[in-house]
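Visitor: For the record, the sequence lines run as chains Y and F. Everything in the first sequence is counted per this note's numbering, starting at 9 for the first residue and increasing by one. Everything in the second sequence is counted per this note's numbering, starting at 512 for the first residue and increasing by one.
Note that these hints are calculated values from the structure, not bench results. Owing to the predicted nature of the structure, the values given are computational and were not obtained by experimental measurement. For each residue, glycine too, the CB sits at the ideal point set by N, CA and C. Hints may be right or wrong, so weigh each one.
Among chain F residues calculated to face chain Y with C-beta under 7 Å, some are [stated by the list, open to error]:
| hint | residue |
| --- | --- |
| 1 | N543 |
| 2 | L555 |
| 3 | Y561 |
| 4 | R605 |
| 5 | K611 |
| 6 | G615 |
| 7 | G617 |
| 8 | F621 |
Okay, here's what each chain looks like letter by letter:
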Amino acid sequence: EAGVAQSPRYKIIEKRQSVAFWCNPISGHATLYWYQQILGQGPKLLIQFQNNGVVDDSQLPKDRFSAERLKGVDSTLKIQPAKLEDSAVYLCASTLEASGYEQYFGPGTRLTVT
Amino acid sequence: AQSVSQHNHHVILSEAASLELGCNYSYGGTVNLFWYVQYPGQHLQLLLKYFSGDPLVKGIKGFEAEFIKSKFSFNLRKPSVQWSDTAEYFCAVRNTGGFKTIFGAGTRLFVKA
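Extracted from the complex, chain Y is given alone in its bound form (with noise of 0.2 Å):
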């Protein structure tokens, strides 16, 4: 079973810069998470979609943050225009409920703004 893939795996840009991560679950997983992870701090939820719609995105800096889940599969977050502060991890995750929530995640893109 192929796993949640990210891309891209590093990103470098100033700030004032807009930038995009893409994400592809795992397959038939419904749920998708966004979490951004800030060094030293454990994943903090950006947004959460069920299918298509959004579930949560109660934490989401909606001013400066968008996200997308096309079609219920592929998902893309957006940052535009960035901070300093968003330097951080950006987790994909992806959920079957029938397994039980538990959330399989992708290996990250860190970003780096400065």
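Since chain Y is already given, all that's left is putting chain F on it; use the hints.
Guide: Frame of chain Y; chain F shown alone:
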């Protein structure tokens, strides 16, 4: 607000020592509990989970965790650690009334060979 506390940020042990990592959460309702592990250079992966039933759950690689409802705790244990257990460990809690899973800040474990 729901929160998860992991008491130790860094732990250093020698091989064969026993391990216990603390995890406490704040939520009064029914919860699902998880421990995830991230080995160096690898993805976060599930170590074990608790949903219901026997509060002592066993996971992969000899790890176990005990859910103590009265203490809102879900501590991770291993009787004898190995060098290969060097990793970062995250406790996570999902309240069954909502959809969100909250992660603790993580504990970095280093096992000396």
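Visitor: The structure should be examined with respect to each hint, and the outcome stated for every one.
Guide: Hint check results:
1. Because the smallest distance between the Cβ of N543(F) and any Cβ of chain Y comes to about 6 Å, under 7 Å, the interface hint for this residue holds.
2. Given hint, L555(F) at the interface with chain Y, holds; its Cβ is 4 Å from that chain's nearest Cβ, closer than 7 Å.
3. For Y561(F), the interface hint is violated, since its Cβ never comes within 7 Å of a Cβ in chain Y; the closest pair sits about 10 Å apart.
4. Checking R605(F) against chain Y: minimum C-beta separation of about 6 Å stays under 7 Å; hint holds.
5. Because the beta carbon of K611(F) sits about 6 Å from the nearest beta carbon in chain Y, less than 7 Å, this interface hint is met.
6. A distance limit of 7 Å between C-beta atoms decides the matter here; for G615(F) the minimum to chain Y is near 5 Å, and the interface restraint holds.
7. Because the closest C-beta pair between G617(F) and chain Y is about 5 Å apart, less than 7 Å, the hint holds.
8. At its closest, the beta carbon of F621(F) sits 15 Å from a beta carbon of chain Y; the interface hint therefore is violated under the 7 Å criterion.
Going through the hint list in order, the structure does not satisfy hints 3 and 8.
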